[in-house]
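Chemist: Each chain, written out:
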Amino acid sequence: MRWLDRTIIGIPFVWLLLFFMLPFLIVLRISVSDMDMAGQLSGFKLSNYTFLAQDALYVKTYLASLKYAAITTGVCLLLAYPFAYFMARADKSAQPALLLMVMLPFWTSFLLRVYAWKGLLADGGWVAVVLNALKVDQLLMAFGVIPGPGQYLNTAFSLVLGMVYTYLPFMILPLYANLSKQDGRLLEAAHDLGASPWVAFWKVTVPLSRPGILAGAMLVFIPCVGEYVVPELLGGPQTLMIGRVLWDEFFANNDWPMASSVAVVMVLLILVPLALFSKAKANSQEARA
Amino acid sequence: MSSGHTWLSRGWLAAVFAFLYLPIVALVTYSFNDSPLPTVWGGATLKWFFELAHDREILEGLWLSLRIAFMSATAAVVLGTLAALALVRYKRFLGRTLMVGMVNAPLVMPQVIVGVALLLMLVSIQRWLGFPERGMGTIWVGHLLVGMAYATVVIQARLQGLNPQLEEAAQDLGARPWQVFYLVTLPMISQALLSAWLLTFTLSLDDVVLAAFLSGPGSTTLPLVIFSRAKLGVDPSVNAVATVVIAVVSLAVIGGSYALARAERRRAREVAQAARS
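Residue numbers (this note's numbering), protein chains in the order written: chain D, 1 to 289; chain E, 1001 to 1277.
Just so you know, the hints here were simulated from the structure itself, not pulled from any lab data.
Incorrect hints may appear among the rest.
Under the rule of at most 30 Å between Cα atoms (straight-line distance), these lysine-lysine pairs were calculated in the DSS-like manner [said to hold, decoys possible]:
id, chain 1, residue 1, chain 2, residue 2
1, D, Lys60, D, Lys181
2, E, Lys1231, D, Lys135
3, E, Lys1231, D, Lys60
All chains should be built: construct the whole structure from the sequences, respecting the hints.
Modeler: Okay, here's the thing in structure tokens:
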């Protein structure tokens, strides 16, 4: 290999090894270390992991994080699939503008947009007023999602709403990319063979869009499991999310080995979705090449 | 298409757009609200903007954030271009699968994990060598890591769409490899480089989690200031910041896409002319 080839591959490769791979190995090492009062790390022990597995609160928090991430992914898919489908079928001339409109909020601060929901859901806020008028709070109360009429903030409801809001574009974009490239003649063929539009949709469009669904679902699910900002701003003290526990172990308790073990277990939980995502991405890139 | 279908389609698009834009409208509206209460309209005012102009914490945070965003976006585009070239041009080399994984993982990896991992490595190095101190440089490394992943994806997509014959032709005409890159490849991917730069710039400008882990005393970025105020409750100064940010970003994005569309049309015209002559 010539020196030029070596440089092109070498620089990003070494950078990623140093700043992505190495930090993880260090976290793995620290998670099985002892830390003394002075903060010196030494020795080898697995007690952090056995503690994580036995402590009911940790187990509950991991499960709750997975549950909220799964619900968020489901709601995003329900909202985004018809949206991307209609967008892909809109006028060809209107599509770039629609795409820009999906991207535009993404370019403005996500932190500020999540913060805005605090005002919208507070007592007397725009959304709270509409939801109250529609009696949505009664429905949510019946399901036990919110504690009382009109109390939307700092509940599982506001948490999931905030995460759906944050990650919806990540679901829309891969779905739109997939659906807008589908060959319209396949639907005509299905129609000619006697399929109703509804049947053609379920038997042709949806199966063909599976790579888009998978990519979008992983783009939403994986970061949601460890989400910190949305639960901190909208989740209130009651909703359990593992990202916040990790943060507190690190900043409030200063317990690095424990924080490291929490991180390692989180990585293990998302390892399978992560591998699926990387494979789907590589496949779509090879297919385009 | 039946008319019922059209109504459903328009309604769905409108409803989701309303959902996406409602918080932005609310932020901007309440930045002009005279009452400090978030849900009570007390008449229009510009006082929060005047207060903002004297808010040292916010102004210093903004200046720091802009510098970090500029540096991390620039470096991310350079590293991202190299990584994209490596992945598109070299279909087999030792560790390619590992590299694909390492490029894609930061796109979805929860940021608290990346933050903890980078910080613990930093502390380990610090104990060993005595430097670096936490601050601007360490935030830059964190943003560069995530930004590079996004830049690689954007540039990789463009590189794959290129016609390889153009580069081969330049090579056949005697251009050296770096000349081929500067004279042929680079102009063709310049649009992707620009959008990758803008994307990584905004990502860096927006980041709270990595900055919280990697910042030291005296290096409080704008999102960290906003986050600490937002946690306490609704704060009109935050609304005013939001309005300024939204105005700047909207103008930049709309202006940028207009310029891009014009450049695209001009190029299409030139290609058409070249084909005729």
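Chemist: If a hint holds in the structure, say so; if it doesn't, say that too.
Modeler: These are the hints, each one checked on the structure:
no.: 1; hint: Lys60/D / Lys181/D; verdict: violated, 42 Å
no.: 2; hint: Lys1231/E / Lys135/D; verdict: holds, 29 Å
no.: 3; hint: Lys1231/E / Lys60/D; verdict: holds, 25 Å
Checked against the numbered hints above, the structure violates only hint 1.
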